Amino acid sequence: MLFNSYEFIFLFLPITFFIYFLLNRKKLTIGSKSWLVAASLFFYGWWNVRYLPLILGSILFNYAIGTALGRSGQKDIKKLPRGTRLNRKILCAVGIVGNVVLLGYFKYVDFFIANINYLAAGRMDLLHIVLPLGISFFTFTQIAFLVDAYKGTVKEYDLLNYSLFVTFFPHLIAGPIIHHKEMMPQFSRMKNKVLNSKHIATGLFLFSVGLFKKVAIADNLAIWANNGFDTAQTLSFFEAWVTSLSYTFQIYFDFSGYTDMALGSALLFNIKLPANFNSPYKSLNIQEFWRRWHITLSRFLREYIYIPLGGNREGETRTYFNLLITFLVGGFWHGAGWTFIFWGFLHGSAIVIHGVWKKYNLHMNRALAWFLTFNFVNATWVFFRAKTWGDALKVLKAMCGLGEIRLPEFLSTKLAFLAQKGIKFGENLGAINAEKHTSWMILACLLLVILAKNSNQVAERFKPDWKNAIFVGFLATYAVFDLGKVTQFIYFQF
Amino acid sequence: MNVYSRWIKRFAITAIVIISSLVLFNFVVDPNGVFDIVSIKGFNKYKTNSISDRITKFYYARRFKPDSLIIGTSRAAFISPFDMEKYTKDRVYNLAIYASNPYEHYLHLRYMTEFFTIKHMILGLDFISFISEVREETHFKEKRLERAVYLKDYFDSLFTIAAIKSSYYTVKDNIVKKDIIQNDENGFKFWKRPEGEKDKARFAKRSKRVLKHFAKNVYPSANERRETIRKNLNYLGMIVALAQEKNIKYKLYVSPIYGELFDLIYAVHIGDLYEDWKRGLAELSDFYDFTGHNEITDNNMWWGDPSHIITDGGKLIIARIYHDTGIPIPDGFGVLVTKQHVENHIKSLRHSVKEIDLKEILR
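Chains A and B are the protein sequences, given in the same order.
Residue numbers for the first sequence follow my numbering, so the first one is 1 and each next one is one higher.
Residue numbers for the second sequence follow my numbering, so the first one is 1001 and each next one is one higher.
Hints listed in this document are in silico derivations from the structure and should not be mistaken for laboratory results.
Predicted model, so just to flag it, every value in this text is computed and none were measured.
Beta carbons are placed, not taken as given, at the ideal position from N, Cα and C, and that holds for glycine.
Taking lysine to aspartate or glutamate pairs in the DMTMM-like style, the calculated list, with each CA pair at most 20 Å apart, reads: (1) B:LYS1216 to A:GLU404; (2) B:LYS1359 to A:GLU427; (3) B:LYS1216 to A:GLU427; (4) B:LYS1208 to B:GLU1360; (5) B:LYS1208 to A:GLU409; (6) B:LYS1009 to A:ASP465; (7) A:LYS424 to B:GLU1360; (8) B:LYS1205 to A:GLU427; (9) B:LYS1205 to A:GLU409; (10) B:LYS1212 to A:GLU404.
A few chain A positions that, by computed beta-carbon distances, are all more than 12 Å from chain B: (11) ILE19; (12) ALA39; (13) LEU52; (14) SER58; (15) LEU86; (16) ALA114; (17) ILE307; (18) LEU324; (19) PHE332.
Some chain B residues near chain A, calculated using beta-carbon distances under 8 Å: (20) TYR1004; (21) LEU1022; (22) PHE1159.
Construct the entire structure; sequences and hints are all you get.
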């Protein structure tokens, strides 16, 4: 089920909400949790009921291994006998491999077949497996649980709470990637079982803002981005820039809009999910960008990939190597394709370069630093979005001015001298079907992401008054009326 | 009540008031013609801003209860049902839809024959519709044509930004515009004859754009769409079979295109494919072919753009198809093609092709 659908907004969410608190009111706390698990599974199964056994199997598998690890590691792990420690290691490895195999089968098997076919001139048929929704997210969530169970830091092993932790519908499909430490206590806290008007108001605020970001901003930008990347055969200089900027803002408003909705709907149930965005396009360097963009993924990669690889504890070169590997994994996690891996490589390289830059204590003008960071991120999104290398190069070449440069017709008399330099005049932005307001909208998005407070900052200091009630009511209404063209969230495909 | 509860109440009231007002506005104006609650001249009678003709024409056609149909793409949309009524003497509805293809035409005919007794049908055929798949973004929905009630259309007419915009512009157009030339009741849209220098200049500009679009995007894609052509010919066969089964007197015709657009087919080297398509048509049924060079197709005064003949031209098409000798029709405009002489016809058309400067068109 999509957050941006009538069935979610007008049926699923209100029904789940009212029954949950009704059960809590009657002191049926196990019933209310079970209800939330059942509702979350229904939410998941709405997409394709055939994949329900998959997520249920995954939960039971990880819970069984996690519980076994927990049982054998209740004491100080270092004091355990060697044989027990080895068994625990094997058990944990089995759990992680199980998750990775599951993810690999559904997400990466066709990628490997295609590459083997290419390298060995083979003719193995692709399996064309449908990627189960949210598999990358619930797999990562559970790997984190297993590793922490192995380390002995998991405090609670209740199947119902664990199921709720994994399936809780606000984060199930596209994150934030949550940690059992921050979730399990919230499910048990008694004061979270009663209606909290502050949470409901803030939740409605966040949900409405997120919905507006998604349907009124991201989905409109998607039209030009899709036309530029997928439809247009060639792009002019300005068309390419509008294409890439449209996508840069689309992915931000789409994903942060989704996250706002996730945070907002969780808050209705008195559950606080971790923030995933903190105005990433305000960043002045690439490291800062990754502290502000998809924060929970960065946290996961740091804790479960970068640090186990050795982090920064084994010398400078090894640190850079670890960073690069972490970003390659991050790129590959996003999608089974070389363009994703290359995107990860570019960001990893930029992080390494930034590390060297920091080491020599070099300084840069803030405006220039922002400009370089933003444009680097914008250019690398091209590889992330493009379906093929050809599409990526088409956009990037034109952005570099290697294609046609066309100015609007009305400038043809004033700037006629430019015609001699190969600059053309005529229909501008036609290849991406841009409209009159396209350039203005992109400019508005730019100003919004670099000057305005983000929704989490506003939510933290949320002061309820009649003006913002009407304003948010208007945003919600506008978004509801724009739901007709239901589109998926970008991160659903990962 | 604490400040947060008060805020929730205000938020809910705002949302409910705005939503109810807009839904009521859309319901009354009914920009897509789905509900037909009130139809007031100078307010909402003409659905000038429907989000899609596909929706509007479908609902009007159902209410119209036609005896005869004009089916086809936008090229057939400007043919007047009144012109056809002269010959069929019954209620004709023009159900021609832009960017449609034979599959959609088949679904339309199947739906209409299920609910009404259709006696006559004219089907306009276009090469480009045979190289096209149906496209969801054009509001085509199979489900609409498979069931008596398709709720999404009602929903889209009430609960969308597009519906609000359409309602607003519908009212504005109905108030301001004095020369609305469409008749939603029978699906007729009028394209008037170009007059004076301004119209000529407009045609020239449009012509340049359309020719470039066809040369760059439309025609070259045909080579990769042989399978689509085959599938669509199959659907045409199903249309013919259904018409025969339901005792519908049907006439097929290949829509006229402006002379230069016809020459372009050969200039971009898809002439063989185009000719094979006509052979395929002839295998299925006799048809009238209005393409090629003649007094109509070479005279820009008959054209809205190189791909669309004006309504007056449609009158000639109908007259030719119904053998009306009372209306003068230039020679070569509308040739009856049968399986027996399709080769000769193709040969003579090929001889008439003129060379055109493709580089100039693509510039």
